[in-house]
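Protein chains in written order, with my numbering: chain F, 1 to 286; chain G, 1001 to 1159.
Do not rely on the hints blindly, as some may be mistaken.
Unchecked claim - Taking lysine to aspartate or glutamate and the EDC-like style, the derived pairs with C-alpha atoms no more than 20 angstroms apart in a straight line are:
#1 G:1118 / F:83
#2 G:1118 / G:1092
#3 F:2 / G:1003
#4 F:2 / G:1033
Hints in this document: simulated from the structure, not taken from any laboratory.
Single-letter residue listing:
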Amino acid sequence: MKAPRFSYVRPESLDSVLELLAEHEGEARILAGGQSLMPTLNMRLSEPRLLIDINRIDALKGISLEDGTVRIGALARHAEVLESPLAAEHLPLIADAMPHVAHVAVRNRGTFGGSIALADPAAELPACAVALNASFVLASTRGRRTVPARSFFHGLYETELAEDELLVEARIPAIAPGYRSAFMEFARRHGDFALAGVCCHARVEGCVLRDVSLACFGGEDRPRFAAAASAAAEGRAWSEEVKDAVKAALGGELEPEGTFHASAETRVHLAQVLAARAVDRMLAAG
Amino acid sequence: MEEAAEIALTVNGETVSARVEARRHLVDFLRLDLGLTGSRLGCEHGVCGACTVRVDGAIVRGCLMLAVQADGADVWTIEGLSDAGEIAGLQDAFVARNALQCGYCTPGMLLTAAEMLKAGRRMTRPEIREFLSGNFCRCTGYHAIVDAIEAVMAERFRD
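Just need the whole structure built from these sequences, with the hints factored in.
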């Protein structure tokens, strides 16, 4: 189908984006990579009055490292993050996840900020942000605020973002010495949204895991920091017994929806198997 | 703020300027306004890859980009790459290996395959399949397409 009629504006500065958002509150949508917004327009699931194209705002671009924190600008394309030596060195979890994000042509346009702001529950990057305890900088004419990833996602496509706010950048702690991470997902076709996926991040001492952070996505309405499963692995030497404890904890805390692609039971099972494999891989990587 | 805008860009090396509706996506602009019908519309929501075109040196979904966003861009379609001879080797290999039947996905496949060749090395079959995973073909079963791309890489990137 064809998109409905809308007005289009391509501001040259961040301030004018924020002023436009304030002026057209609720009637405007931000156009970044367009890889999710454009399908909803073409299918007429969304009929905004105005599209605000932010693609030429330089302040939203780039990836940089400052005081142990990696800043990823909202407009950083997936392809750019995938090829970034800085991301590969300091954010191995995201480097690991990025090849699973869609397909080449989509990664060439799709943006980091777009994926976070959309909050698709089956998307990889929101889950990585939750696992790594990232935070997001939101801007509006009212000022700026920083929101932790773990409280940013409210539900299916629902986030902390107010209608006049723009996600400006993600701030993600760079991996510290002794830490490792692993990403795993199960999808029906490579690059499609996952039926289940896990992000694992921990400090590894021999085969003991500490400061464990396990996040799951793909079955529920938002990425989940799996607190019980993380606690089950905390401070213990990885063994069949601990593996079973992590799986049992996941079984207790995950409440996925079943769809015709996979039942709720299947999704829990997939998350359990993937979590165990992710830890195995993380330990083997040493 | 308007529902239409003036744009100027290059398409297949030629300068083009036009007034387009904001809601017009890039492939409709190419097909309906410029008559370049090689780029196809399959699903029109970013899944099938039939609309693949090259914008500023990288392949994109032509149905997921607005024509107004291509203002100032350098756009290449199957017509331009074909006329320039850049993909002649791929086209020959597709024919030799029966890598197309109805041909609807073929322009998108060729654009994606051309992007693969830019890596400048031989890829494994699983790597080729992964790279192609964003392009649907409902006829060939993909095997022959992978064969064709593998053959071109083997020819071009001898160790």
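How the hints compare with the structure:
1. G:1118 / F:83: Distance of about 15 angstroms is within 20 angstroms: holds.
2. G:1118 / G:1092: Status holds; Cα separation ~18 angstroms.
3. F:2 / G:1003: OK: residue 2 (chain F) and residue 1003 (chain G) at ~15 angstroms, within 20 angstroms.
4. F:2 / G:1033: Holds - the C-alpha atoms of residue 1033 (chain G) and residue 2 (chain F) are around 15 angstroms apart, at most 20 angstroms.
Violated hints are absent here; each numbered hint is respected by the structure.
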